[in-house]
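Listed in order, the protein sequences are those of chains A and B. Under the working numbering, the first residue of the first sequence carries the number 1, and numbering increases by one thereafter. Under the working numbering, the first residue of the second sequence carries the number 1, and numbering increases by one thereafter.
Note that these hints are calculated values from the structure, not bench results. Be careful, since some hints might not be right.
If you only want the chain A side, here are some residues facing chain B, beta carbon under 10 Å, derived [claimed, not checked]:
| no. | residue |
| --- | --- |
| 1 | Thr2 |
| 2 | Val7 |
| 3 | Gly357 |
| 4 | Ser361 |
| 5 | Arg400 |
| 6 | Leu402 |
| 7 | Cys404 |
| 8 | Arg406 |
All of these numbers come straight from a predicted model, not from anything done at the bench. Quick reminder that beta carbons are idealized off the backbone N, C-alpha and C, glycines included.
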Amino acid sequence: MTDLRLVLKSLTARSTSTVVTCLLIAIAVALLISMLSLREAGRRSFTRGVGNAHLVVSGDSSPLVAVLNGIFYANPPRTPLSESKVTEIAGSMPWSWAIPTQLGDSFRGFPVIGTTPAFLDDFEPAMGEPWRIRRPGRNIEGPFDVVLGSRVAAATGLGVGDRLFLTHGMGVDAAGGDVGIVEMTSANAEDDPHDHGDHDGHDHDGHGHDDHGDHDGHDHDGHDHHDHGDHDGHDHHDHHGHVHADGSPHVHEEATFEVVGVLEPTGTHHDRILVASIEGSWFLHAIDRWEAAGRPLPESVDELEAEDRLVTGMLLRTPVRAGRNSSAMLQSAFDRLRRDPSITVASPATQIDRLFGIVASLDAVFVALGIGILVSGAISVTLVLWNSMELRRRQIAVLRVLGCTRRRVLGLVLTESAMIGVVGAVLGVGFAVVGARFAAEVLASKTGVVILPTIDVDSSILIVAGTVVLAAVAGVAPAVRAYRTPVAEHLRPLD
Amino acid sequence: MDPALDIRDLHFRRPGGFEIDVPELRIAAGEQVLLTGPSGCGKSTLLMLAAGLLDLGAGSISIAGQAISEVRGAARDALRADRVGMIFQTHHLLPGMTARENVGAALLFGGVPKGRHAEIADGLLNRLQVEPGTRIDRLSVGQQQRVAIARALAGEPSIILADEPTAALDPEHAANAIALLQEICRERGAALLLTSHDPSLESSFERVIRFSDLARSEEPTS
Chain A
1 MTDLRLVLKS LTARSTSTVV TCLLIAIAVA LLISMLSLRE AGRRSFTRGV GNAHLVVSGD
61 SSPLVAVLNG IFYANPPRTP LSESKVTEIA GSMPWSWAIP TQLGDSFRGF PVIGTTPAFL
121 DDFEPAMGEP WRIRRPGRNI EGPFDVVLGS RVAAATGLGV GDRLFLTHGM GVDAAGGDVG
181 IVEMTSANAE DDPHDHGDHD GHDHDGHGHD DHGDHDGHDH DGHDHHDHGD HDGHDHHDHH
241 GHVHADGSPH VHEEATFEVV GVLEPTGTHH DRILVASIEG SWFLHAIDRW EAAGRPLPES
301 VDELEAEDRL VTGMLLRTPV RAGRNSSAML QSAFDRLRRD PSITVASPAT QIDRLFGIVA
361 SLDAVFVALG IGILVSGAIS VTLVLWNSME LRRRQIAVLR VLGCTRRRVL GLVLTESAMI
421 GVVGAVLGVG FAVVGARFAA EVLASKTGVV ILPTIDVDSS ILIVAGTVVL AAVAGVAPAV
481 RAYRTPVAEH LRPLD
Chain B
1 MDPALDIRDL HFRRPGGFEI DVPELRIAAG EQVLLTGPSG CGKSTLLMLA AGLLDLGAGS
61 ISIAGQAISE VRGAARDALR ADRVGMIFQT HHLLPGMTAR ENVGAALLFG GVPKGRHAEI
121 ADGLLNRLQV EPGTRIDRLS VGQQQRVAIA RALAGEPSII LADEPTAALD PEHAANAIAL
181 LQEICRERGA ALLLTSHDPS LESSFERVIR FSDLARSEEP TS
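Excised from the complex, chain A in its bound form (with noise of 0.2 Å):
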């Protein structure tokens, strides 16, 4: 017979209002920790994005939304750069390297960046860690040459030696259908007029996975890149001016990209682009143009013009010394940018801790719900601990007969409303893992943003510490109402 056994026997006792008021703050709990983990995991997701660029450059209005659109892949920015301004701003520092990046084509609901080689050789989706290409495979080189993030690859099934049409615009998935996947039989029948109606609503229904195997067969045609352009473009003439009219996204059949590379996972959100060859996007954008200007369409992508060849944006990083990310020319470069109304300059690391400060007050509210709750946690653990010193008044008085003292019989009742904030909070931070996970995977696979679940241990110790303090406090009223229980006149017979 222990104090403790005394605590536990009258907690099981009332197990019901016990379990509730032990879930009511472990809910609390879990809230607050996931709360406070995801923005701390969300931070530092955003931060790792970044990657190594130290500038990005772009024709959006606003520094912060040059980030989100050049490097986070929200939206296509919808002001371009001329190829002329892309060279001079290349030109116009020693940079470490500059890649320009073409938004705007989606692949399946994926974005796709239209850029060089450069872009997997020396961009590193997360600081220090390059990309790899899977083997076999190799980065991009010709115009019609696309490598698939590892979230692509897997949501798709596509593989180095496949082959595919990008969308033009965003945000198109057709529920899940087979949207701009070359299917052997459509790809090749230009005169089929039934196939061609079906662009709207980009659905090849029908053409499962399984079709894929065939591909390999298609690769042996003799069929190279620009005899896909060259029939297709000039078959599809009409149709697409139509389409491209309503400005709503559509296949581009006229250029059929070949999957030449798959990369390794990055934990990152650029797991979840396709990186095509920047010419063979101009491609796809000239096609648009000049139908709708109504001259013939171009054959290879020799024709562009300058007109063609636009971006929507540069990544770009100062020389730094081996081991450091910080470059005292950083400064100077964004100011000289920042003179050039032309263009927005973004550094990628401030607008993060812009975009954090304006989540921050949202925030806020979320850590003021969970503490809200918990605090009518605390409040349940009162009123239930008050009520049960009715009953058990009785009960307290015969402690006090066996020798118990007053102050016992107070420290018996907190520890027992401290006992259940400690359940409630390990339940919480049990709770918190779990959801936690849950949350990170729905997020990652909605948004792309990849945070690592990892739950902080110093400020879950905090908020552990706190509830169990929080939950004792919650006894004391109920305590003294425990430690003044007269004791003659609850021992009378119960009669």
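Mind docking chain B on chain A? Use the hints.
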């Protein structure tokens, strides 16, 4: 040897106005006393006072030579844990626990080392023929009362204060319980002060005191 209980010039006034005066009551070590009187005359209050559960207005109460009326708070609780065992009409056992745990609870607050609790509890319960591991709610009323007796004796008190301990039992069980209580008190060397309104118990006690002879109690006059 100090008397088990020594009350002198006791005056107590309850907030409601009920008053008790006990000029003198002395119970020798190991002595067994029956205190009789009608319900509500103040017998229970006198036991509560003797156990230090109520504060005196005036006078003194000593248990085995130690003035329980002179100490307060934790010291008084400790004195009660070590020197006084109480038994009530209803057993007032801790629900949901075993007989052994209930007896052990009495030792929780006294000076007996923890390692000996189970041994003491089991010894008493076996003597009283109650299975120590049985939960209280599975025992008969008579067995529960025996657990209460064991609990009162666990701390080797100088005196057992028993307040109508057999009121919940039928006459035959009541007689057996009283006999057992007297026997075990003798074995353990504890004095016994037992209150009852049942005159049939008088033959079992060597000393019987009528409350009205011992004390003057008054209902509020207004």
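So, going through the hints one by one against the coordinates:
Interface restraint check for Thr2/A: the shortest CB-CB distance to chain B comes to about 7 Å, inside 10 Å, so the restraint holds. Of the supplied interface hints, the one on Val7/A is violated, with its beta-carbon coming no nearer than about 12 Å to a beta-carbon of chain B, more than 10 Å. Interface restraint check for Gly357/A: the shortest CB-CB distance to chain B comes to about 55 Å, outside 10 Å, so the restraint is violated. Because the closest C-beta pair between Ser361/A and chain B is about 50 Å apart, greater than 10 Å, the hint is violated.
Restraint check, Arg400/A versus chain B: the minimum CB separation of about 7 Å is within 10 Å; hint holds. Checking Leu402/A against chain B by beta carbon gives a least distance of about 5 Å; that is within 10 Å, so the hint holds. The interface hint given for Cys404/A is met, as the beta carbon of that residue sits about 5 Å from the closest beta carbon of chain B, less than 10 Å. The beta carbon of Arg406/A comes within 7 Å of a beta carbon in chain B, closer than 10 Å, and the hint placing it at the interface holds.
Violation of the numbered hints given earlier is confined to hints 2, 3, 4; the remaining hints are satisfied by the structure.
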